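Here the protein sequences come in this chain order: A and B.
Quick note on this note's numbering: the first sequence kicks off at 1 and runs consecutively.
Quick note on this note's numbering: the second sequence kicks off at 334 and runs consecutively.
For the record, the hints were derived by calculation from the structure and aren't laboratory data.
All values derive from a computational prediction rather than experimental measurement.
Mixed in with the good hints, there may be bad ones.
[Claimed, not checked] Lysine-lysine pairs mimicking DSS-like chemistry, simulated, CA-CA at most 27 Å apart:
hint : chain 1 : residue 1 : chain 2 : residue 2
1    : A       : 21        : B       : 384
2    : B       : 384       : B       : 418
3    : A       : 173       : A       : 201
4    : A       : 73        : A       : 83
5    : B       : 457       : A       : 83
6    : A       : 173       : A       : 83
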Amino acid sequence: MALLEIENLTVAFATSVGPFKAVDNVSLTCDRGEILSIVGESGSGKSVAMLALMGLLPWTATVTADTLRFDGKDMLTMSAQQKRTIIGKDIAMIFQEPMSSLNPCFTVGFQIGESLRIHMGMNRAQRRERSIELLNLVGIPAPEKRLSLFPHQLSGGMSQRVMIAMALACDPKLLIADEPTTALDVTIQAQILDLLVDLQKRHGMGLILITHDMGVVAETAERVQVQYAGQKVEEQHVRELFRDPHHPYTQALLSALPERATRRGRLPSIPGVVPGQYDRPSGCLFAPRCRYATERCDRETERQGAEFGFALCNYPLKDGDPTGYPEKAEAGQ
Amino acid sequence: MLRFFVNKLLLVLPTLIGITIVAFAFVRVLPGDPILLLAGERGVSPERYHKLLVQFGYDLPIWQQYFNYVIGLLHGDFGISISTKRPVIDEFLARFPATLELSVFAMTFATVIGIPAGIISAVKRSSVFDQLTMGVALTGYSMPIFWWGLLLIILFSGMLHWTPVSGRIDLLYFFPPVTGFMTVDALLSGQKGAFQSAVSHLILPSIVLGTIPLAVIARQTRSAMLEVLGEDYVRTARAKGLTPVRVIGLHAFRNALIPVVTTIGLQVGLLMAGAILTETIFSWPGIGKWMIDSISRRDYPVVQGGLVLIAGIVMLVNLIVDLLYGLINPRISHQ
Ligand SMILES: Nc1ncnc2c1ncn2[C@@H]1O[C@H](COP(=O)(O)OP(=O)(O)OP(=O)(O)O)[C@@H](O)[C@H]1O
Ligand SMILES: [Mg+2]
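Okay, chain A solo, but in the shape it has when bound (with noise of 0.2 Å):
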């Protein structure tokens, strides 16, 4: 049994015109001392996801899933005491503003120590032993200082090893880091990347790791799971998915990337948008965008099995062509 399940979750949000689905029908599975890898452009529900898990969206949103569950416990029928048991203790998070995300008006020492007393019950040398071990940990050098500053004495680096150290606090056994380097310099972004997969491998956690760079994907994650307008479309082992994309749009997300570009000049890019909440097609959300989308797709899609990657798509790529495409002119222009 995965430590984390989630089947057919789905979150919509109340907003004055009904209700919009951000994450739509997405399941997704994690185990202990795996890294699980979730791409998709910018608004395709990644983070949405991960905050309905851990209850930290505001009363707008609808949570429903048919399974969500946690190293066996099931959080769907959870009270929010028991859930705050396992928020912050098994399961931790770190976000994308390492700068924001550390309140202001704490020291370090104490925002780290927080957990380590709610959780763990350490008193207050436990705490600061435990706190100088973290910072240590994370790679910050000359804890003991540290432990008194405030957050905007730290650079983003540091702060986001901070946001690191506090994660793994209570020894979690799941991670999930949200887009944890797109704030950071890029010299600083390797560097933190390497810290969480090095944390992870010793830990034994897992790692849910958000980002939309198909860079980092390919150097880290070992499961991908692409996503896109709130669905999951695609779910491939890393390899794999560079080698045989089966689905169009990550087959586009892949031909984005500069090293694979194979054309000179310009960039291929993916046209149009993702499809907000006014324009949500009726079939396949891609469709619009989608250089092989038939009449077909603009009524359905069908969810293909393994071989395929699972891919959400009428059509599934294999080798770079389509499969089962009807004749040019079945398929209309």
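Chain B with the ligands: place on chain A using the hints.
Just chain B with the ligands now, with coordinates in the frame of chain A:
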């Protein structure tokens, strides 16, 4: 932090000088001759007039008069009351504790109710509680103090007989002032019922004086909390599995406190204006009533000296608030 403090101090200085100029000019721009004004209706003989002119230094050039006036202020010379012939500073010090006591009660009332109301409003945004609270706050803010005070007196003193109408304590009790705070002195005197009497006299004036600060504090707390609740660090706190009470009361409120403290400080400054009306309604023997009485008695030295003293206190309060702001904002206190 020290630089922050010195900067604030330097900012206060021009204001102080400005106030002394206004107070100095006050007596001189009044229609009529200051000596004749001081002499009152009986008038003076020309010899005496000249003697007084020299005695008060009115024969000197204007800048030298101002200079002497400021030197006097620095020595604690705020003038002599015409009606009592006592130094203005003595009269002020005798009445100030009454105003201070009333202000402390009023601000306590305003913060103890205003801050929790603002927090709950923000957390339960758009709820019935929120709309009701903000409606009441707006009403309170727009309420004419005089009318509001009379209304409360009619209801609670006149009709229900719950609270006394005026004064600081029942005439039944008498004890010499030790601290000047009636509640404290009542406790010190050991007389039975004195403390209760002093407190019951404070209730209505405190509510009247505290109404506008209460409204402002509730609204400011709400908006500061609303802003802070959407911040990333509040999400981080919740992601740690902390209880909602800890997330809101500690992580969010500690940040919202910075603008709220500033607001409270500004309200303390404005309290003096409210005190003048409130003390008049309730015959509260503080500096507000003293100023009003002096104006109607045309006791200009008192008005002049009182003006400087009140302004000085307001500025002192603002300075303390600025320092407090620096202390609770780590970005300033931990440079
Ligand atoms: N509180 C909210 N109320 C309404 N809509 C929301 C809310 N939070 C997110 N959304 C919407 O949900 C959709 C998915 O957002 P989400 O933050 O999960 O995207 P993302 O994949 O994490 O993108 P990014 O790469 O920019 O972080 C977006 O269209 C966003 O506008
Ligand atoms: Mg996101």
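Here's how the hints hold up against the structure:
1. A/21 - B/384: Roughly 91 Å between the alpha carbons, so the hint for residue 21 of chain A and residue 384 of chain B is violated.
2. B/384 - B/418: holds (19 Å)
3. A/173 - A/201: Distance ~12 Å between residue 173 of chain A and residue 201 of chain A Cα, so the pair holds.
4. A/73 - A/83: holds (10 Å)
5. B/457 - A/83: OK: residue 457 of chain B and residue 83 of chain A at ~22 Å, within 27 Å.
6. A/173 - A/83: Judged against 27 Å, a Cα distance of about 15 Å means the pair holds.
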